[in-house]
Structures are given as structure tokens and as C-alpha cells.
Amino acid sequence: MNFNRALLAAALIAGPAFSASAQDFILVQSTTSTANSGLFDHILPQFTEKTGTEVRVVAVGTGQAIKNAMNCDGDVLLVHSRAREDAFVAEGFAPRRYDVMYNDFVMVGPEADPAEISGMTDAAAALNRIAEAEAPFASRGDDSGTHGKEKSLWKAAGVDQAAASGRWYRETGSGMGATINAAVGMGAYTLTDRATWSSYGAKGDYEIVVEGDPALFNPYGVMLVSADKCPSVKTALGQEFIDWLVGSEGQAAIASFQIGGEQQFFPSAAEEKVGG
Amino acid sequence: MEERPDDRPDLPPHLRPEAREDGRGLWPVRIEDATLSAGGRRLLDGLSFALPAGGVTALMGPNGAGKSLALRMLAGLIRPDSGAVRWGAGETPIKGAVALVFQRPVLLRRSTAGNIDHALAIAGVPRRERAARRAGLLALAGLERLADRPARALSGGEAQRLALARALAARPRLLLLDEPTASLDPAAVAAIEDLARRIVAGGATVLLVTHDAGQARRLADRALFMHAGRIVEDAPAARLLAAPRSPQAQAYLAGRLLV
Amino acid sequence: MNDGASAFATALALIVSGDPEFLGIVGLSLGVTLTAVLISCVVGMPLGALLAVARFPGRGALVVAFNALMGLPPVVVGLLVYLALSRSGPLGALGLLYTPAAMVIAQTILVTPIVAALTRQAVADLNAEYDEYLRALGADRVETIGTLLWDARFSLATAALAGFGRASAEVGAVMIVGGNIAHVTRVMTTTIALETSRGELALALGLGIVLLAISLGVNAAVMGVRTQAERVGHA
Numbered sequence: 001m002n003f004n005r006a007l008l009a010a011a012l013i014a015g016p017a018f019s020a021s022a023q024d025f026i027l028v029q030s031t032t033s034t035a036n037s038g039l040f041d042h043i044l045p046q047f048t049e050k051t052g053t054e055v056r057v058v059a060v061g062t063g064q065a066i067k068n069a070m071n072c073d074g075d076v077l078l079v080h081s082r083a084r085e086d087a088f089v090a091e092g093f094a095p096r097r098y099d100v101m102y103n104d105f106v107m108v109g110p111e112a113d114p115a116e117i118s119g120m121t122d123a124a125a126a127l128n129r130i131a132e133a134e135a136p137f138a139s140r141g142d143d144s145g146t147h148g149k150e151k152s153l154w155k156a157a158g159v160d161q162a163a164a165s166g167r168w169y170r171e172t173g174s175g176m177g178a179t180i181n182a183a184v185g186m187g188a189y190t191l192t193d194r195a196t197w198s199s200y201g202a203k204g205d206y207e208i209v210v211e212g213d214p215a216l217f218n219p220y221g222v223m224l225v226s227a228d229k230c231p232s233v234k235t236a237l238g239q240e241f242i243d244w245l246v247g248s249e250g251q252a253a254i255a256s257f258q259i260g261g262e263q264q265f266f267p268s269a270a271e272e273k274v275g276g
Numbered sequence: 001m002e003e004r005p006d007d008r009p010d011l012p013p014h015l016r017p018e019a020r021e022d023g024r025g026l027w028p029v030r031i032e033d034a035t036l037s038a039g040g041r042r043l044l045d046g047l048s049f050a051l052p053a054g055g056v057t058a059l060m061g062p063n064g065a066g067k068s069l070a071l072r073m074l075a076g077l078i079r080p081d082s083g084a085v086r087w088g089a090g091e092t093p094i095k096g097a098v099a100l101v102f103q104r105p106v107l108l109r110r111s112t113a114g115n116i117d118h119a120l121a122i123a124g125v126p127r128r129e130r131a132a133r134r135a136g137l138l139a140l141a142g143l144e145r146l147a148d149r150p151a152r153a154l155s156g157g158e159a160q161r162l163a164l165a166r167a168l169a170a171r172p173r174l175l176l177l178d179e180p181t182a183s184l185d186p187a188a189v190a191a192i193e194d195l196a197r198r199i200v201a202g203g204a205t206v207l208l209v210t211h212d213a214g215q216a217r218r219l220a221d222r223a224l225f226m227h228a229g230r231i232v233e234d235a236p237a238a239r240l241l242a243a244p245r246s247p248q249a250q251a252y253l254a255g256r257l258l259v
Numbered sequence: 001m002n003d004g005a006s007a008f009a010t011a012l013a014l015i016v017s018g019d020p021e022f023l024g025i026v027g028l029s030l031g032v033t034l035t036a037v038l039i040s041c042v043v044g045m046p047l048g049a050l051l052a053v054a055r056f057p058g059r060g061a062l063v064v065a066f067n068a069l070m071g072l073p074p075v076v077v078g079l080l081v082y083l084a085l086s087r088s089g090p091l092g093a094l095g096l097l098y099t100p101a102a103m104v105i106a107q108t109i110l111v112t113p114i115v116a117a118l119t120r121q122a123v124a125d126l127n128a129e130y131d132e133y134l135r136a137l138g139a140d141r142v143e144t145i146g147t148l149l150w151d152a153r154f155s156l157a158t159a160a161l162a163g164f165g166r167a168s169a170e171v172g173a174v175m176i177v178g179g180n181i182a183h184v185t186r187v188m189t190t191t192i193a194l195e196t197s198r199g200e201l202a203l204a205l206g207l208g209i210v211l212l213a214i215s216l217g218v219n220a221a222v223m224g225v226r227t228q229a230e231r232v233g234h235a
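Chains as they are written, first to last, in the UniProt record's numbering: chain R, 1 to 276; chain E, 1 to 259; chain X, 1 to 235.
For the record, the hints were derived by calculation from the structure and aren't laboratory data.
Ideal Cβ placement from N, Cα and C applies to all residues, glycine included.
There could be a bad hint or two in this list.
[Unchecked claim] Label pairs and their in silico Cβ distance ranges:
hint	chain 1	residue 1	chain 2	residue 2	range
1	R	Pro214	X	Ala213	47 to 57 Å
2	E	Asp81	X	Gly224	51 to 61 Å
3	E	Ala147	X	Glu21	47 to 57 Å
4	X	Ser6	R	Gly119	27 to 37 Å
5	X	Leu69	R	Ala227	34 to 44 Å
6	R	Thr51	X	Leu23	22 to 32 Å
7	E	Pro186	X	Ala68	55 to 65 Å
8	R	Asp41	X	Val75	25 to 35 Å
9	R	Glu262	X	Gly95	34 to 44 Å
10	R	Lys151	X	Val64	22 to 32 Å
11	X	Ala213	R	Lys151	41 to 51 Å
12	E	Gly124	R	Ser232	48 to 58 Å
Make the full structure from the sequences, and use the hints.
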């Protein structure tokens with residue numbers, strides 16, 4: 001049958017695409033902010049060149065990344081939601097958590113600035129004004145680390161934002177980039193990590209309106225998935241990656257990642273290294 | 001234009017009916033007191049007749065008399081509501097022993113040769129014998145030059161010759177022909193009749209449904225006249241066609257409508 | 001917004017550049033999708049033909065089920081395959097999650113109902129014409145299905161193309177079970193999703209244009225083979 005033969009031929013031609021590299025690899029469950037910003041593209045080749053170990057990154061929201069890791073579908077977890085990271089360790093899914101780096105969140109909005117919050121440094125107060133003005137706000141709404149941070153800020157502001165869901169409070173249920181897309185599309189404010197914003201390519205007339213609040217601090221932690229819970233975990237290779245990441249070489253690699261001449265992530269493992 | 005295969009050879013031995021004995025025999029093939037109803041109408045009403053081996057029997061009668069149903073029963077395609085159809089001692093036809101040619105041939109979406117190959121394959125003819133059998137059947141039907149033509153692009157006469165040749169693939173002993181020359185031009189009719197004569201000369205038994213009294217006279221030695229789902233007259237063909245005794249056959253042959 | 005205009009330029013530049021990373025993504029996309037379609041045809045066509053000719057209790061329900069499965073959301077399939085292939089799932093030991101094989105499995109599940117349902121329709125139509133002839137010949141079930149599948153081959157090519165269309169455009173399932181891992185499971189649709197979320201709209205649209213071009217190419221090739229074959233003989 002000619003048609004089937006053609007299909008078979010095409011499959012054979014494309015076959016080489018399937019052949020996985022023979023070298024060792026580890027699987028990292030991580031967040032869209034680290035992957036979409038280009039950080040991994042910058043630092044991982046350095047690790048692979050040194051050790052020969054390939055690092056495969058699945059980039060999803062923090063909530064899903066943690067669930068995937070709990071299903072044993074990853075060797076290393078690198079996320080930014082301190083409370084849930086601690087819970088992950090407490091439940092025995094990882095022997096311990098390492099500080100690895102931080103960046104910060106910023107609020108972005110349209111140039112017109114309908115809630116008049118541009119230049120503020122108090123995130124909770126800014127959210128309060130948004131609520132008063134009923135200016136549109138786009139939320140991730142996807143149980144991600146950024147979403148968790150946003151909810152804690154609303155709480156600090158004393159605003160029941162969920163009551164406005166569907167009116168000025170709009171939950172996209174999507175990743176960071178998709179949420180920025182949506183925000184730009186409907187003229188809404190949104191909360192984003194700085195790295196994703198810096199690398200985002202379709203800003204339009206959007207700019208950072210609120211930054212610098214200590215509450216917007218965004219620390220990342222890295223954990224090795226426990227072999228007790230997940231026998232399939234590649235403990236040695238995973239630990240090697242974590243050691244590199246929190247060691248001087250990894251920390252230097254993170255510090256050297258820039259977008260538009262600006263450093264995006266700040267190493268935070270050094271003190272701990274000394275201490276522990 | 002139809003090609004009259006007048007100068008074609010007699011049926012070669014390897015195309016003649018093959019006696020496949022399975023202990024049940026085939027003859028007589030018969031329908032016993034069959035009834036069949038559909039949609040509240042009684043289509044067959046105590047139909048009975050038997051076919052011994054050999055010869056050509058014409059099955060005649062007006063539209064709706066049940067002739068095609070009788071053929072389909074003999075091919076094993078349908079069963080009566082009551083009564084029986086029997087092939088010798090068997091209650092199902094031996095595979096390949098009975099062949100049915102439809103009024104409008106069902107041609108596969110393949111070449112002329114491909115249609116014959118398909119029938120040979122289903123008949124279980126070993127692969128190495130198929131080429132010779134196919135060549136013989138194509139020659140018999142005068143279709144050699146059209147072997148690679150898409151079967152569905154054949155003319156009406158060519159298509160019916162293919163259907164007849166294809167029906168011989170399994171070397172059947174009983175050939176059921178359902179108005180094989182309806183809507184064909186005279187030359188095509190002559191070609192089909194010539195083919196039928198050579199098939200009969202090769203030893204096959206034929207049951208032929210036809211509305212053409214001339215055709216029945218030319219081909220058949222026995223005629224059955226069917227009306228309202230049963231046989232009303234069974235006689236030598238020449239006698240029935242010349243001097244029918246049943247009022248139904250008289251009316252039909254005189255051209256008077258009869259329902 | 002000049003994203004639309006620059007998308008064409010981007011698409012053209014991608015094709016002309018011959019960038020190995022881009023070619024790798026295109027190759028993996030084609031490999032995964034064509035493999036899934038091939039498996040779906042091998043499974044779905046005989047299954048569809050069987051549903052068309054066989055009469056058994058529950059057949060009607062199966063036909064309805066297959067027609068309904070055509071509308072299965074890819075994300076649901078992705079989730080089910082993820083749960084099955086996850087290390088903590090029943091097939092976790094195979095280690096297939098986040099590999100091209102997992103993507104093939106998910107797309108096969110998506111495409112097989114389409115191929116089976118369209119095959120059933122095409123074969124049922126043909127069987128209405130062939131049924132008495134094949135029964136009079138004494139063809140058995142396998143011979144009947146074989147005859148019908150072969151003679152419906154041109155309709156079946158269309159069924160396979162419909163399956164190819166669904167698989168090649170699908171992003172939800174391969175995203176979940178493949179993980180969109182660079183150089184391993186990143187295909188055209190997941191790349192488009194990724195570039196969109198990065199705000200690289202022109203690049204995303206350019207990739208979309210390339211995907212459309214490939215889809216057009218495959219359709220044209222199959223239709224070309226079909227027209228040629230029909231002309232050569234088997235109308």
C-alpha cells in the first residue's frame with residue numbers, strides 16, 4: 001500500500017530524532033520563570049561540559065513541579081515557594097533544601113496607570129489602590145509560586161480579591177508569560193518575577209510600576225528528591241548537580257546571567273556553604 | 001463496441017466445474033415450501049422446486065414474483081421464514097460450488113484482472129496457479145486487452161462478461177444468473193449468451209432469471225414460471241413458451257400486465 | 001503591531017537558515033506524529049472495518065464511543081498518559097515519561113478513534129455495495145475486511161490525513177507527557193506555546209507558519225499519490 005509505505009519511510013527518516021543521547025542525564029522539575037527567562041540555557045551547558053551529565057528541565061508552575069516530583073517524575077526540584085518547599089522536605093520527599101538564588105517580583109502595568117500606583121514601593125498599598133479603583137488585575141490563578149506570593153500580598157493588603165473574580169480580578173490559569181500576554185491584552189496590572197519580565201518580548205506600553213518592597217523578595221530553593229520515597233531517583237548525579245549549583249562555579253554562572261545588561265538572579269548559597 | 005467472442009475456444013478443463021465431494025453431495029439443489037415476508041408483505045408463498053444436475057433452467061415471471069429472492073436463497077444469502085433450502089444432504093452450500101451473477105454486476109475498485117485475481121484468491125486457488133487461471137478466464141470472456149483497465153470503467157456488456165468470468169473462478173457447479181442481459185444492447189446480449197452456452201457445455205448447471213422469452217427459448221431446456229411467490233408452471237422450455245397452460249404464464253407471455 | 005508581517009520574515013529565515021536546533025524540532029515533530037499516525041492506522045483501520053461489518057451485542061455503543069472519543073481533549077489524554085507513565089503510576093517502571101515514546105503513545109490514543117471512526121464510515125458505505133457479492137463468494141471475515149480496506153484505500157488516506165492533522169496541531173498532550181524538554185521532547189507546537197509565553201510572538205507565529213507549510217506539504221503529497229493512483233487505474 002503506497003500510502004503506508006510513504007508513512008513508514010517518513011517515520012524511518014525521522015527516526016534519528018528519537019535516538020536519545022547516550023550520555024547520562026538528570027531530570028529537573030522547575031518553574032517557568034527560570035526556564036522562560038533563559039537562565040537554564042545560560043548555566044546548564046557549563047555543568048554539562050564539566051561533568052558530561054545532561055540536565056533535562058521540565059518547566060511548569062511551582063505547584064505542578066512539586067506534584068510531579070512527589071510522583072517521582074524528577075530527580076531534582078528547583079522552585080520558589082518557601083512554605084511548600086519546607087513542607088516537601090518535612091514530608092520526607094527531600095532530605096533537605098538548599099538556598100540557591102533569589103530575584104524579586106515586580107508589578108507591571110500600562111503607561112496610563114489607571115490606579116495611579118506608579119513609583120510606589122509598598123506592594124500591599126498598591127494592591128489596595130487597584131482594588132479601590134477596580135482597575136483590572138491579571139492573576140496567574142494556577143497555584144504557582146508567583147500565584148502564592150500574590151495571594152499573600154492581597155492578604156497583607158486586606159483585600160478579598162477572590163470576591164472580585166470575573167470582574168476586575170481576572171485569573172488566567174496560565175504560566176507567567178501567558179499571563180503577561182493576557183494582562184497586556186486587557187490593560188490589566190499583574191505581578192511577575194523580574195527575570196520573566198526582563199526577557200519578555202512584547203511589552204507594548206507596559207512598564208514596571210511597583211518594585212523594591214522587601215515583601216517582593218523571591219528566593220529559590222533546590223532539593224534532591226529522596227531515594228527513600230522514589231527509588232528511581234538518580235541520587236549521585238542529582239547531588240552532583242546541586243553541589244555544583246550551590247558551589248562557587250554554579251553561583252558564579254547564575255550571577256553572570258544578564259538580560260539587557262542587567263543581572264537577573266542573585267546567588268544566595270554562599271553563606272550557607274560556609275555555615276553548612 | 002462489443003466484441004463477440006464467437007471464435008473463442010471451448011471451456012478448457014481447468015475452468016470447468018470441479019467436483020468437490022464432502023459427503024453431502026450437491027444435487028438436487030432445492031427449495032421446499034419456502035415462505036418469506038417483509039414489511040407486512042408475503043414475498044414467497046410456499047415456493048418449491050428442485051434442480052437436478054445439468055442443463056439450463058429458465059426462471060420466469062413478472063416483476064415482484066420473487067425470482068431474485070429464490071436465487072439469493074439458492075446462493076445461501078437469505079433464509080426462508082419457514083420451509084427449507086437444501087443442497088444435496090447439506091443445509092448450507094459448499095463453498096465455491098454455487099456462484100451468483102447479479103443483474104447489475106458488483107465490480108471491485110480494481111482492474112479487470114484484479115477482480116478475477118480477487119475471486120481466485122477467495123476461492124483458495126494457490127498463488128502459482130492464479131496467472132494461468134486468470135489468463136484462461138480473461139480469454140473466455142474476451143477481455144484480454146482490457147485486463148489492466150479499471151473494472152468500473154468497462155462498458156455494460158464488458159462488465160457483465162467480467163462478472164460471468166469472475167463467477168467461474170471457484171469452478172462452480174451451479175451458476176445462478178439474475179437477468180444477466182437486462183439493459184444490454186443486442187450484440188452484448190449475444191456475447192453473454194455465447195459465453196453462457198460455453199459454460200454449460202463445460203458441465204455447469206445454470207439457473208437463469210430472464211424476462212426475454214427469446215433468450216429462454218435459445219438457452220433453456222426447462223422453464224419455471226413463478227407468480228406471487230410460488231411456482232405456477234414447470235415444463236420443458238419450448239412447450240411452456242409456445243403453449244403455456246397456467247393463466248398467469250399465458251397473460252405474461254401475451255404481454256398483459258400481471259401483478 | 002507588525003508581528004504578522006515579521007512572522008513571515010521569521011518563518012522564511014528559519015527555513016533558509018537550516019538551523020540544526022530548528023531542524024531537530026521539526027524532525028522530532030514529524031517523527032512523533034507520523035509514528036503515532038502509522039500505529040493508529042495499523043490499529044484503527046482494521047478496528048473500524050470490523051465495526052462496519054461485524055454484528056455483535058454492544059457494537060452500536062462502541063460506534064458511539066469511538067465517535068465521541070474523536071472529541072477527546074488532548075489535555076485529558078495527556079493527563080491520563082501522564083498518570084499511567086509516571087514513576088508512581090502503573091507503567092512507571094518503563095521510564096517512558098518525558099520521552100518521545102510517551103508523546104507517541106498520547107498521540108496514538110488521540111488519533112486512533114479518528115482513524116477508526118472515519119474508516120468505519122467509509123467501509124460501511126462500501127460494504128453496502130459489496131456485502132452480497134462477498135457473501136456469495138464465501139469470503140470469510142478476514143477476507144471481507146481485507147477486501148473492503150483495500151478498495152476503500154483512497155477514503156482511508158483521507159482518514160489518515162485527518163489523524164495527521166489532529167496529531168500535528170496538538171499541544172496539550174505532548175506538553176504534559178513530553179515536558180517540552182529542549183533537544184529531547186521539544187516539538188513545534190510546544191515551541192510555539194513556549195515562545196508565545198515568552199512574548200516572542202513573531203517567532204511563535206513564524207513557527208506556526210512553518211507548521212502549516214509542513215501540514216500543507218504532507219496533505220499535498222498524499223493527495224498527489226491518491227490522484228495519481230486513481231488515474232493509473234483503480235477508479
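- request: Could you tell me which of the numbered hints above are not met by this structure, giving the numbers in increasing order?
  value: 10
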